[in-house]
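Novice: One letter stands for each residue in the lines below.
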Amino acid sequence: MNNKRIWELIGRKLAGEASAEELQELEGLLREHPDLHFPVEAISNIWKTTPDPAERAEGEEAHTRLINRMQERGISIGLPAEEQQAAVFQLEDGKRRSWLRYVAAAAVAGVLIAAAAWWWQPSGKAAHSPAISEVATRNGSRTSVQLPDGSHVWLNAGSKLTYGKDFGNNNREVNLSGEAFFDIAKNADYPFIIHTARMDVKVLGTRFNLKAYPGDKITEATLLQGSIEASLKGRPGERIILKPTEKILVSDDSSALHTLKTNEPVMAVKHLTYYAEQEDAIVETSWMENKLVFRDESFASLAARMERWYGVTIQFADKQKEELRFTGVFAQENIQQALQALQMTAAFNYTIHGTEIIINQ
Amino acid sequence: MFHANDIKEWQRRISLYDDEVAYRELFLHFYKPLQKFAVSFVKSAETAEEVVSDVFISLWERRQQLENVNNLQVYMYVSVKNTALKYLLRQKKQSAITIDELSVELASPHQDPEQMLLTAEMLTRIEAAIEGLPPRCKIIFKLIREDGLKYKEIAEILNVSVKTIDNQLAVALAKIARVLNVQLKKSSR
Chain A
0 MNNKRIWELI GRKLAGEASA EELQELEGLL REHPDLHFPV EAISNIWKTT PDPAERAEGE
60 EAHTRLINRM QERGISIGLP AEEQQAAVFQ LEDGKRRSWL RYVAAAAVAG VLIAAAAWWW
120 QPSGKAAHSP AISEVATRNG SRTSVQLPDG SHVWLNAGSK LTYGKDFGNN NREVNLSGEA
180 FFDIAKNADY PFIIHTARMD VKVLGTRFNL KAYPGDKITE ATLLQGSIEA SLKGRPGERI
240 ILKPTEKILV SDDSSALHTL KTNEPVMAVK HLTYYAEQED AIVETSWMEN KLVFRDESFA
300 SLAARMERWY GVTIQFADKQ KEELRFTGVF AQENIQQALQ ALQMTAAFNY TIHGTEIIIN
360 Q
Chain B
0 MFHANDIKEW QRRISLYDDE VAYRELFLHF YKPLQKFAVS FVKSAETAEE VVSDVFISLW
60 ERRQQLENVN NLQVYMYVSV KNTALKYLLR QKKQSAITID ELSVELASPH QDPEQMLLTA
120 EMLTRIEAAI EGLPPRCKII FKLIREDGLK YKEIAEILNV SVKTIDNQLA VALAKIARVL
180 NVQLKKSSR
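As they're listed, the protein sequences go chains A and B. Taking numbering that gives the first Met the number 0 as reference, the numbering of the first sequence is continuous, increasing by one, and the terminal residue is 360. Taking numbering that gives the first Met the number 0 as reference, the numbering of the second sequence is continuous, increasing by one, and the terminal residue is 188.
Since the hints were derived computationally from the structure, they do not count as laboratory data. No incorrect hints appear here.
In silico DMTMM-like cross-links for lysine to aspartate or glutamate, where the CA-CA straight-line distance does not exceed 20 Å:
| # | chain 1 | residue 1 | chain 2 | residue 2 |
| --- | --- | --- | --- | --- |
| 1 | B | Lys42 | A | Glu57 |
| 2 | B | Lys7 | B | Asp17 |
| 3 | A | Lys159 | B | Asp17 |
| 4 | A | Lys164 | B | Asp18 |
| 5 | A | Lys164 | B | Glu60 |
Not close to chain A: a few residues of chain B, all C-beta gaps over 10 Å, as computed:
| # | residue |
| --- | --- |
| 6 | Asp5 |
| 7 | Lys7 |
| 8 | Lys42 |
| 9 | Asn69 |
| 10 | Asp99 |
Among chain A residues calculated to face chain B with C-beta under 10 Å, some are:
| # | residue |
| --- | --- |
| 11 | Lys3 |
| 12 | Leu13 |
| 13 | Ala14 |
| 14 | Gly15 |
| 15 | Pro38 |
| 16 | Thr48 |
| 17 | Pro50 |
| 18 | Asp51 |
| 19 | Glu57 |
| 20 | Gly58 |
| 21 | Ala61 |
| 22 | Gly77 |
| 23 | Ser132 |
Just so you know, even glycine gets a beta-carbon here, dropped at the ideal spot from N, CA and C.
My request is simple: use the sequences and hints to build the entire structure.
Specialist: Structure (structure tokens):
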């Protein structure tokens, strides 16, 4: 009797390698060897191993050590909790910001961090064309990201940041749609350039806020530290250098800033706005503290920001209400509480259906 | 045990999107089997972790090319083997190690003897029989049973023929059966 053949076939069966013919062959052989029934059954019973649950935990610990090792080597990966704390955004007076709360809120809000890639060559060459990384937030959520060059970017709601796969190698260029706060790592060799629809901003290492939502009439850059150079789309010759605490506003709607009748972008440099008595209560970057701050702002403009902030849609059934003006701060309030607070200073009514809000008389 | 589709998906996400979550999943999936595989070569749990960690670091650094890897499972095991051999070489402990010199550690069985229709004593004897297999036989037995690898994959990883795998597994199973038969005769006496 060829016992070896039987064990080969049993082995193949257990390993899931046996063909139909081999299984049939095995059945025939086993019929001739009833003495093997017990050991074969016993081996089949013990064959399956159950993974030790402790192994997953062991793997997780090893993963933490791996990430630490990679970070020590300067590989940009995994921003653990301690680092996020270390990266707490500080204004010049050194006051700490409630970043952890913000990060947690962003996580709960279901931040959409999508990394998308696409290829340039339509001819279909599957070669390694530079792909594009994308970080995006939905309305109602915010997130932060560390770029390969060490720069930190905090993305406000409904915003999108994209950059090429070669980012950090020989260029530091990103595209922004929406609003973000940048804390740029210094690198004199490669300036950091942010492209928006109306304005490009060039920096060497600094902290500033950039707001360029597609629907908004104004694109705005607010500088807190360092210096940045802005150039407007369509006017490449002109460069505007901003000093700390200054902000630049660019509009393609002339009525928003000037009375000039022109389709060219209109630009103004202003000082940033403080919303309270404290020096560091800056309106432009208040979103980073999980606050929605507005000062003498029209209801139309505020509603657009509330849409992004709360992830809702707001419609005006009564167009006159768009002209109402408000000053205030929302922090912990939900959308209903926020609307009720606004009702205390102005006469309007509203109805809520899910995430749709209608403002009426 | 292995979910080929999951692995393919993680591989794609890491390669195209620098996806750290997928990278973590891939690590958690492979860490323990690879670490044990590395222990067979370097005979130290710490060094084995370092070997696996090195392999994962280089995987991350070369993630753009990861899409081109045909069988990531095989790629990982082969990388671990090569990295482990390099470690041994550097430590000058050994210039090379053959498959017959591996020290294979098996997973501790989490089995309830009653469910297996076997006595605890029998299970212990079976374990002892497996434990006593020669290294070549043991590593093949382990990679099939515990790691769920295919014959072809093991052949590629260990640089042996599929025929060798057939033989070695048959040897292992026959040896276990012998223990069981002895027990059977004892208990039926």
